[in-house]
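Visitor: Each chain, letter by letter, is given below.
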Amino acid sequence: MVKKGQVHVSETILVLFVVVIILMMGVTIYFKFSVEKSKTLAEELSEEQATIMLAKAVGLEELSCEGLGCMDTSKFLPFKRVLGEDFGRYKRMFGRKRIVVKELYPIEDSVKEVECDVVKYIQMEYPENCGSWVIYDYNPENEPAAKVSTIVSLYYPEFDEYRVGRLEIEHYGDIRR
Amino acid sequence: MIKSKKGNTDLLFKWMFGIIAGAIVLTFFIRFSYVHLSGESLIEGNRILLTVDNKLDALGVREGTDVFDLKDDFSLGFDCSLITSGDIMGENFFERKTDKIIFGPEKINDRFISIWTKKWEAPYGISTFYYLKDKGSNILLIGSTNSEEFSDFTGKIPSIMGVPAIETTQFNPADFTSQARQSNKFTVVYFDRTPYDWSVLKSQYGSFMDLEVIVVNTADHTAEVYDYNGNKEEVFYFRDEMLYGLIFSGSKYSCTKDIAMERFNVLTRIYTEKVSRIMSKENRQECVDLLNEARKMLEAYQNSLTKTELYNYFEKIEKQNLQLEREDCPTVY
Amino acid sequence: MRKGQSEVIGLMVIVLILIFMGVLYLGFANLAGNDTLASQRVGIETENALNAVLRVNLENYDDKTIQDLIVECGGGFDCNQLENALKEVYTAVLKPGTTFSYWVLMEDEEIYATSTCQIGIVSSYVFVRDGIFYEAKLRLCKT
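Those protein sequence lines, which keep their order, are chains B, F and E.
For the first sequence, the numbering used here assigns the number 2 to the initial residue and increments by one for each residue that follows.
For the second sequence, the numbering used here assigns the number 1313 to the initial residue and increments by one for each residue that follows.
For the third sequence, the numbering used here assigns the number 787 to the initial residue and increments by one for each residue that follows.
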């Protein structure tokens, strides 16, 4: 037969145990919620930056046509060269992103993913021999990316010709630079 | 007392246990709240900087004006390529590097910021300039309203920026005493003539605010800037857009101007290389020759050491581009 | 039921309620989303899709642009060329699962319309050719 004192002690211990469990659960839930909220905020800010970058990249003097709302393809390779020499400036501007321009029309499917570089440029077949430019790429921690994109007008001043392309910006869910 | 009966928890023991355990739990929650609040403050401080930077980005897509409502009185600083929030000596000081070229007062403590964006073209687009002003900083432009150049220049400033133009002969510093004394920063910009120099204005307005005087020499494209201590600095400006920048930033102009000139060099390098590449694709000899001329001019342009050379090559490149267009050749810009 | 047992059951009920509330809260916190950025991007996409395509040099149509074909359509020529060119370009350019409606007005009168979707953001572009006002409108819809 259990004595009164033993029951009392058992009850007290049980109450304390349950109260502590409730407190710990409450703190854990709140802590998890705070961390999730911060992660969501970082992702939202990164997406906001990438969306703004879509409009900004098309209008960037290093890449755009003068006042015509298009991208000047003859500036892409010179820009990449300048980027190599002055990466810090553009790292501050773009942050952790991958910026790619892809030609959509008119282009053969076989060359859509072929990257345009100096070698492709000097060939007679240019611009039919390639279909994409990697303008900028900085992802030091190999993070997974989310992508935003928009249609752009591509101008080829060598041939006085307009084509249609897509500007893609992959952002890494992090607004660090 | 505690051991009065076997297994019987005494009231005193309960109280002691409750106080000790309660104190530990309370300490834990106070520390938890403090860490949480500090974290929130850190997020908010950096968030305001990111918001301002993003809003400037959105506005900079086109030329125009806007008034930012920060919803609260923040102490924002714009120093060269840095946007800061809070007092540098305080706990809640945050800074963010920006790629934007911003001309404005060093500190803005107002909820509302007037912003004007303008593209700097020399002769191709180099960058968008951001001109900032708050209610605490006031600017007067003193020049000859009969002069077409002066009227043209001042007429392009949007009214939202609140920068009045006054005829030199009618300028009386005493008329602006109360306005000056209510400002954080008061800038007087003279065009070519200086009826009242810095020391005269200082004795009129006192030390209530930071007084700056700028004397612009439009023939030379130079200016003398007198800061709030009366120290003089000689600067030059390249095109009207930079002169607007000088007006809105005053003694903080030089650093931002240097950043603008760095961008000028970068863009000129890009255009030089663009022209070289296009030349290799061009079949017509007359176009190749014109493009080659343009390329040489661009190289010389980039290496210009004096403002006279800059303005000279600016005109030459403009003419060369028109020539390329007339000949139906690919143009520089 | 003994007194101790009923107390313990009461405590268990409180714990269960707290767990349930916590799960509900986290569930709702994750649901609340912000679609503003996505809408902004659709707006930018529509405007760019309209402007970029109007300007493109069409290989299969003697390097004419969509603007040229619009002017021809308005001038009494066959509008089939315009329709075929629009289909060709937008099929290549739009993301899979996106349809479009396109219509053209000349001096405020509709001269051409193709409509495969009803709900979406509309963008328009006005240009003048030979003193005549043309307005091209595009609507993009996600299926």
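In case anyone wonders, no lab produced these hints; they're calculated from the structure.
No residue lacks a Cβ here, since even glycine has one placed at the ideal position from N, Cα and C.
There may be inaccurate statements among the hints.
Unchecked claim - Okay, the calculated bits of chain B under chain E, using three or more residues with CB under 8 Å as the criterion:
| hint | region |
| --- | --- |
| 1 | 25–39 |
| 2 | 44–52 |
| 3 | 82–92 |
| 4 | 129–139 |
| 5 | 157–164 |
Visitor: Take the hints in turn and mark each one as holding or not.
Guide: Hint check:
1. Coverage of the region 25–39 of chain B by chain E holds. Counting CB-CB distances below 8 Å, 7 residues qualify, and the rule asks for three or more.
2. Counting residues of the region 44–52 of chain B whose C-beta sits closer than 8 Å to any C-beta of chain E gives 4, which meets the bar of three, so the coverage hint holds.
3. Using a Cβ-Cβ cut-off of 8 Å, 0 residues of the region 82–92 of chain B lie near chain E, which falls short of the minimum of three, so the contact claim is violated.
4. Under a criterion of three residues with beta carbons nearer than 8 Å to beta carbons of chain E, the stated coverage of the region 129–139 of chain B fails, only 0 such residues being counted.
5. With 3 residues having a Cβ less than 8 Å from any Cβ of chain E, the region 157–164 of chain B passes the three-residue criterion, so the hint holds.
Of the hints listed earlier, those the structure fails to meet are numbers 3, 4, in rising order.
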